[in-house]
Amino acid sequence: MIQKMKNILVVGPKSDYQRVVDILYQTGTIHLEDVTTSFPAYSFEKNEETFHTDEISNLLLKIGGIIQILPDEKLDERDLIENLKNTRKRSTSELVSLANSTCGELEEEIHDLASKKSDLELKITSLSRYQKVFEKISPLERQLPILEGFEVTVLIIQKEYEEILDIIKPFFAGITRNQFEFISAELDEKNLAVITVFNKKYSQRIHDYLYSKNVNEVRVPVEYSNMPLDQALLMLEMDKELAKKEEKEIQQRFDSLSQEWFEKLSVLQMSLQDRKEEINSYSNFGETDYTLVINGWIPKKSLKKVKKIIHEVFGDRVVIIENPVTPEMMDHAPVFYDNPFWVKPFEFFMQLVGPPQYREVDPSPIIAFFFPLFFGLIVGDIGYGLVILIFAFIMKNKFKDLDWMNQLMNILIISAIPTIIFGYLFGEFFGDFAEHMGWLHPVQIFGITWNRIEAIIPLLILSIGIGAVHIFLGLGIGAYNAAIRRKRKHFCEKCGMIGVLTGIILIGGVAVSIIPGAMQYPAIILLIASLIVLIYGGGTMGAIEIMSTLGNIMSYARIMAIGMASVILAGVANRLGGEIGILVIGVLIAVALHGLNILLAMFSPSIHSLRLHVVEFFSKFYEGGGEPYKPFGRL
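Position 206 (the sequence shown) corresponds to 206 in this note's numbering; numbering is contiguous.
Not one of these hints is a red herring.
The calculated DSSO-like cross-link candidates involving lysine-lysine, where the alpha carbons are at most 27 Å apart (straight line), are:
{"id": "1", "residue 1": "K14", "residue 2": "K85"}
{"id": "2", "residue 1": "K244", "residue 2": "K117"}
{"id": "3", "residue 1": "K630", "residue 2": "K89"}
{"id": "4", "residue 1": "K264", "residue 2": "K85"}
{"id": "5", "residue 1": "K630", "residue 2": "K4"}
{"id": "6", "residue 1": "K85", "residue 2": "K74"}
{"id": "7", "residue 1": "K6", "residue 2": "K300"}
{"id": "8", "residue 1": "K248", "residue 2": "K117"}
{"id": "9", "residue 1": "K245", "residue 2": "K132"}
Quick caveat, the hints were computed from the structure, so don't treat them as lab data.
Using the sequences plus the hints, can you model the full thing?
Set out below in structure tokens:
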């Protein structure tokens, strides 16, 4: 359900401006409205003071950059909360001063260390690459004569372009008059290393040619260029170890800084972010020369507590006035869900479609009842329900910090319960496995044995019947919403549709002898009268909508159809597993197919159950477009 809201004015002396704002921010219950927009008749001037907004934004960037560089530290939640409380008590000037001194002490050292570490990482990567090449080509160098005035160049050729060597060799021969050496060896799975030796007077032309052919030359660092490869390799390894040692020392310094500063910086970051949001909200406040005025919405159940806090701090200097609320104001009131714990997970679906308007009925409790019902009817298997239940608990425990994941897993946990119940009704435990073993059998109710393979027609009737109830409920809510808003024609349209559908169902029941024949004429009268009311409320489109609504009801047949597909796949898994002569292979096949079926059972029923709500059910009453409740401060 949607929490009842009160529109209030907080009025007090301008001298208490900052203190009033701080108290309201700490209570975290008021959804602010722009005073000059809400009450245009009053000549309030907006408070345009930005205080330290720009400075706080810059500090947040600096602190965020430092935190990103430092290694993560596991924070003690109690210490963090206590430090946050103490830090938030500081004035804005004190908070900014503390942040500036902290950043001044850390920023230069952190960025200097980060720059050095980055350079060292690049150096180590580069040296490792050269080391790999040198190790491969060093044995080849020993095959080459040591000639003064000759240049040694190393090429890297991808194996897929190995034919380029047949082009390069003739060019080298022509330029150098066959005075060159050309030795190749495998570097790795994808590349060849090639060593070439030629007179230095041909260097420019050869390098230009290699560049034009996109041949990758290994540019030996200057410090290793005038020494044999064996010696260069030894020096390279020493430089690499030295770089690693320096990098390790820098990392140790980072670890030390993180232990000392990570929590302090995190507290500062959160405190500054809160203060920035607080200051940004000042543009909604109004003031005269001597008076501060704040307008907003507050949950009715929180109003008494906030009044008490304001009175304890300010006495009669600051008062909270409840404004009379017009229907127009109620249409723009923020929406704050106040549902029991078993409904709260299903508020997640409302985030997908957007919140209802304040005076609309919150459909979350209805979704919380019908979604698990549809899910259970479709899956309807004790074994599958238990697997889904265990899976949901494991995922919920593993991803404790992900709110959306927790909500989805709570939905699966709730939906697994009717799945197990309907599984008992249908006599299904991993398909017909339990029935085959004689452990479980379909239950007989109303003279019907609810074996889904055999009771197709009863299940179809049950699915459509539940769909009819669901659609009638949607139309009833639509009529209620119209009545609340005093929209007479919309009310007549919804009531007329309910009457027309009831008349059609009664006439159909008489035709198949389910309902006594005496009901035929009352049903016809109801149908005609309701049709008149429907056309009055919705016009000719209202009459056309009858077929669409009947189609909506028939859409619920998918509950039976999708459930039947799951039953058949489970049966196939059991039969295939049983027909394989080798026990282990048979079990593996059965487990694989049941696993696939369970995976489908978690997604397909969820999607179709949600579709029945959003497309069929919501179309009968839901407008949406409400404004979510965003309190000023911390909840």
